Amino acid sequence: MENISLFFLIEAIGTIAFASSGAMTAIRKRLDLLGIIILGETTAVGGGMLRDILLGRVPPSLFINPVYVIMAFVTVLILFFIIRFNQQIMTGPYIVAYEKIMNIFDAVGLAAFTVTGIDTAAMAGYGEYHFLSIFLGVLTGVGGGVLRDIMAGQTPYILKKHVYACASLAGAIFYVYLSGALGSNAAMVTGALLVIAIRLLATKYCWDLPKATADEPK
Amino acid sequence: MENISLFFLIEAIGTIAFASSGAMTAIRKRLDLLGIIILGETTAVGGGMLRDILLGRVPPSLFINPVYVIMAFVTVLILFFIIRFNQQIMTGPYIVAYEKIMNIFDAVGLAAFTVTGIDTAAMAGYGEYHFLSIFLGVLTGVGGGVLRDIMAGQTPYILKKHVYACASLAGAIFYVYLSGALGSNAAMVTGALLVIAIRLLATKYCWDLPKATADEPK
Amino acid sequence: MENISLFFLIEAIGTIAFASSGAMTAIRKRLDLLGIIILGETTAVGGGMLRDILLGRVPPSLFINPVYVIMAFVTVLILFFIIRFNQQIMTGPYIVAYEKIMNIFDAVGLAAFTVTGIDTAAMAGYGEYHFLSIFLGVLTGVGGGVLRDIMAGQTPYILKKHVYACASLAGAIFYVYLSGALGSNAAMVTGALLVIAIRLLATKYCWDLPKATADEPK
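Here the protein sequences come in this chain order: A, B and C.
The first sequence begins at 1 in the UniProt record's numbering and counts up by one.
The second sequence begins at 1 in the UniProt record's numbering and counts up by one.
The third sequence begins at 1 in the UniProt record's numbering and counts up by one.
By construction, these hints were calculated from the structure, which means they are not laboratory data.
The structure displayed is predicted, hence computed values, not measured ones.
Note: identical chains are not told apart, hence a pair may lie in one copy or across any two.
DSS-like cross-link-like pairs, simulated, lysine-lysine; straight-line CA separation at most 25 angstroms: (1) Lys29 / Lys211; (2) Lys160 / Lys29; (3) Lys100 / Lys29.
Please construct the entire structure, taking both the sequences and the accompanying hints into account.
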């Protein structure tokens, strides 16, 4: 029971962070209210939707039990009205503080969604398919952001920067392969903490993966 | 029987309008004949395909009974040859008249596809899931256009303008929630008319939804 | 048995070619190692994944038996390290020779994936649905490249050039409609050879499909 409450809490934090990131992308692109809602929702629940389609869980669970859809909707609306009535907020010191907090929330969300994705694969009977489980964990974590970027017409964030998908991947591999040795719960919590740690350290120290060609090609 | 004929007629109008809009996007992007066919077909049948995937109706019905695929194909070919052999048509007064007619056809199509999407959800046994029904109605209506825009590399139309998805959404909500009170047929027709009315009025009076930030940010 | 080995060989050639094309797109876009892997994998196995989703074969076969995923992964890694430690290779004569070979590999892959797509539809019990079979053949052939281009933010290749999807389409139609007359194996091999022939001739002679408007519109 406590586990469920804790899990719900970290998924809620992730939903709020992802919905905010989609909404901010839309606001920066100067989309209207509906566009802001669509990008916010897509970022928050898109990864889970793609996972469910690949697992054949249709209609995807977000439609059957739309609690996270509603949570994302409320988040987007609050953000919209705060910015609408405080235009200067987008350039002031608040935005810096806001982005620092959201960066932490986003790392928590990435961790929560990654482990949820792996659990969903296990519940659907594919726990033994390690590659599938890991892929679905990462997809649940980063899929919403990829959809957001494709719809907003920008190169998907995960293709470019900040060891984002890598953090999710490391946590997913840890959770899947150490469930046997550590027990499912301990592996899940440690995997999730690993995602958060890698993500925050990568942001702080600007870690980047190597590229194939040198940095100034011209 | 009469209902079926009428329904087929308005779906046909929608298919022609959506196929034309995809083809014109491709022609303006200077794609070749195959690109024009692909974008025309995607716009015309893409929304229904996404709906069927989310409902688990696979292969999607368009592949089992490709009548609308053929209709879109013929539409695109006719448009291609008319423009190919009348190059000046793209700049003359004809294009203005053509776009006015197509705008009305498009509104009819949006209405027809929205209510079809809701009916498909009901036939698949999800009539009681209101959020799912409404979402599938809007997706059937606007999904083809979103795929068209993503493939053509432009920001999806529904994210930007003209109360397009909103018209579909208003009609979908009306149909789903008033089916009980008005009877299914009356709610469907009224919902569809509501889509058309909102869409045409929004175009005529340039309705727009609010944005989060003021209109001249620089 | 010999058939299986041969088939595996040509699918392997296709996987290598498609993975390389995705990786080179990512390298040219200056993405990091993970971005290169993602685009390489998407191009190599994305078409088959879309086909499986449309057929309701979920989870898609690539997750259950990831042999081609691993093959694409190794291809991408080799390419990455070759270019990483031989930066001048990207501008020298090697790249010209490399692209010539890859162009042939790519044609073989397009042929292999097109006929696999049709076989998969037949195995799923949809052999009699000719439109579906042909569509799934073409989708398996070109779908990975479309996903690659959408993720990389460029107009999908098949919408623009070189009779690419057309070659796949011609081979698919040949295979589906002449299976009865020629026998399944003969129709498959001839269909595949037709794809390769059209594709290579189109590249050599710069075949293009007609456009709707004249070539210098300004």
